[in-house]
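**Student:** Below, each chain spelled out in residue letters.
Protein chains: 4
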Amino acid sequence: MDTPRNASAAVVGAGDFIGGAITRRFAAGGYAVLAGRRNGEKLAPLVAEIEAAGGRCSGHTLDARKEEAIIEFLAEAERAAPLEVCVFNIGANVNFPILDTTERVFRKVWEMACYSGFLAGREAARLMLPRGRGTIIFTGATASLRGGSGYAAFASAKFGLRAVAQSMARELGPKGIHVAHLVIDAGVDTAWVRERRRERGQDSFEADELVNPASIAETYWQLHLQPRDAWTHELDLRPHGEKW
Amino acid sequence: MDTPRNASAAVVGAGDFIGGAITRRFAAGGYAVLAGRRNGEKLAPLVAEIEAAGGRCSGHTLDARKEEAIIEFLAEAERAAPLEVCVFNIGANVNFPILDTTERVFRKVWEMACYSGFLAGREAARLMLPRGRGTIIFTGATASLRGGSGYAAFASAKFGLRAVAQSMARELGPKGIHVAHLVIDAGVDTAWVRERRRERGQDSFEADELVNPASIAETYWQLHLQPRDAWTHELDLRPHGEKW
Amino acid sequence: MDTPRNASAAVVGAGDFIGGAITRRFAAGGYAVLAGRRNGEKLAPLVAEIEAAGGRCSGHTLDARKEEAIIEFLAEAERAAPLEVCVFNIGANVNFPILDTTERVFRKVWEMACYSGFLAGREAARLMLPRGRGTIIFTGATASLRGGSGYAAFASAKFGLRAVAQSMARELGPKGIHVAHLVIDAGVDTAWVRERRRERGQDSFEADELVNPASIAETYWQLHLQPRDAWTHELDLRPHGEKW
Amino acid sequence: MDTPRNASAAVVGAGDFIGGAITRRFAAGGYAVLAGRRNGEKLAPLVAEIEAAGGRCSGHTLDARKEEAIIEFLAEAERAAPLEVCVFNIGANVNFPILDTTERVFRKVWEMACYSGFLAGREAARLMLPRGRGTIIFTGATASLRGGSGYAAFASAKFGLRAVAQSMARELGPKGIHVAHLVIDAGVDTAWVRERRRERGQDSFEADELVNPASIAETYWQLHLQPRDAWTHELDLRPHGEKW
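Protein chains in written order, with our numbering: chain A, 1 to 244; chain B, 1 to 244; chain C, 1 to 244; chain D, 1 to 244.
Just so you know, the hints here were simulated from the structure itself, not pulled from any lab data.
Result set (EDC-like, lysine to aspartate or glutamate): computed pairs, CA atoms no more than 20 Å apart in a straight line:
(1) K108(D) x E68(D)
(2) K66(D) x E78(D)
(3) K108(A) x E111(B)
(4) K175(D) x E206(A)
(5) K175(C) x D100(D)
(6) K243(C) x D203(C)
(7) K66(D) x D100(C)
(8) K243(A) x E234(D)
(9) K66(C) x E78(C)
(10) K108(D) x E68(C)
(11) K66(A) x E111(B)
(12) K42(A) x D63(A)
(13) K66(A) x D100(B)
(14) K108(C) x E111(D)
(15) K66(B) x D100(A)
(16) K243(A) x E206(A)
(17) K175(D) x E209(A)
(18) K108(C) x E67(D)
(19) K66(B) x E103(A)
(20) K66(B) x E111(A)
(21) K243(C) x E206(C)
(22) K175(C) x E206(B)
(23) K243(C) x E209(C)
(24) K108(B) x E67(B)
Please model the entire structure based on the sequences and the hints provided.
**Tutor:** Rendered as structure tokens:
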């Protein structure tokens, strides 16, 4: 654990894998981390682990599609310490033939993966702008750049989130806020991905075949550390053996 | 006017400029055209003009954000003649600093420029697929490819619409449906654009400085005529003098 | 055949398929066409066919990598009639593992597919600029946008050609010259492509599985016809069933 | 200085700014660094500085457009210690109207900025592949992604280099070689850039208005440290206030 800083980091979408790893990384870096996810009680083990290691973390139930909930979540972070980092990490990967993509699915996926990212980014910027500093990072995917067959809903939301990131980066960079978009172009090593690959008949996994959440978290950390004369807005990330 | 065909074309977003010109072009090509826009009564002069020239056109009030309204609009086209063409042409160009982009604006722009495009595309595909033929075209803009400062809402919707177009093209091309996305990377010659440029101090306009809606309509027509061994999914369009 | 115009078109790379079809199309459109290729004598049947149909065409041996040869070829076109169209259509599709890509291959592929395109474009522009009109079109490929494994030489040349096209379009558009780049993202129906697919075990071909050269030529023609208020710089082209 | 490693790094294009900073960074990381540039004698102060700090560096005169010279340069690195890193950093930024872009300029810029990158990448891969590890990084620029007016030669070379990087990454990633392409989308803080900006009338420079070469070098270093389950192929880099 690094020395505690008088600064907070908010993780919107602190799931079991990427979001959890990001939470760990910023806590290890000395930040007071607020982790938010749908079922906040699931965060208890993560919070306990971080606190046991001497870090600061609190877990929160958060429906990121609610403007008031986002505002309150970030205000809570700001009360802990000045908000310096906000990571948006909610996905909603679904695949349906276009005729089977209901308007409800299309709308829900957008609300989760794009609209709530806009809310989180905007409200984080509102807190950071008066201080002229801060980092806002959005998690992207292959579908952020390519609308594959069956991905109308998911790719549409991810394309839309990427536009939010770009637009915010162009407006806020000159005001001292670093906005980045990270394209994870591969399967991440999660229980869900392993299960889906097993369903497709894959029996074994090679070392480094899937992206380790901790590696992603380290990349977020490095982005945050970049000095402001050399900021990255977008980068891709994939395991060495990935076809692309 | 070409000889009438036993085929209909639907224009979702038949405004005074691009949408109107597309309506004219497909009517001239022998299609029974259904033109839809927010205030259907404004379509009366266009319908009269087309009918006077011997073409077929009907004007409809359409709130394209309503699933039922889209379904009914396209069913109406199908009743006139088998639906062969659907053009989605609703924009919602707004510019706000990120902190002033309300959740209401963000949502409305998306509903108009992305969600309703998804609905129109999906329902047109539903009618076309059993016949294994048809053309679906989406109107894009500079903001489909670039999230400029102040364009978080508009670019997010336009990026999202582009993803829908790509995803549909990849799924439906092999099934005989041509899905295209046209990026208009310039000001179109409309009263609104001229007014905005005058506000910025521009007094006079050179010939061909702005895109003529009829030229755009001709491009849609040419896309529709492409044989299925050589389909274009995406193309850009700008006046010769445009900076880009 | 359209009425003869007092205008010439030059096709650099008038091979048996795409280049030949372009030659036919512009001759049919009333242009005096100069067709150039490595072995000019192979153009005799094409010239005879066009002349028999009442068109104007001459075939020339052309090494497009030689500056003087390009200058002389275009001067010859200009002597026939003012040069209004120049199409660059030389490819050099090779695939080698990177370690087996000799410097000679890398250089030759670049000279054929990129450097000679620069020469042709620049010299065509030199003739067209005083009149403030003309169309210059470059033929691209999937490899213009994606550096696939084994395609270091070919993709490098095609990326490079695309940059030349973009740079020329931005400089010359305001001066009345239309510069376009057409991305053919698929196999074209040539003897060579059919042979390679047979080698991979494909026995039969569906209708419209491959792009018909005449369809490509028609697209070039339509690009040339675009009015200058609505020019396309780049478009893709693929058969309806293509995976992409 | 980190503990010396039994590994070497080669910098092709070790100029006064970016290349020099990269040389410093990898020497500080414990690598035996071979720095190559046109006039090797200019490297004496850099070598002295690194050695005084306890690092290992040797300076070499290198014409990177000569295959034999590249082979010998990398062999020299390999003799020092197994080659683990190769950075290609030669630019050739020129701007000419298309009609004034001589074939000599077009060819020279390509030889310097693209062809020599291919040679360096290929030969580094040849040494690294038997060990199944290594990092090869290419320096890109705004012109790697955009062919601006007047940049036909430079953008063509930079696009071409980007294709080489992509193609190598796709082939060599699965074999354990990390190939990356870094897009520097801004002016770098060099004497030349400051001079050009002064010519355009800029009197003073804000802090962090230009990219610091040391920041770029740190990014190369971080790319090299990425674990192989999470490699970045491409990222951009610009100062916070840059317009893009």
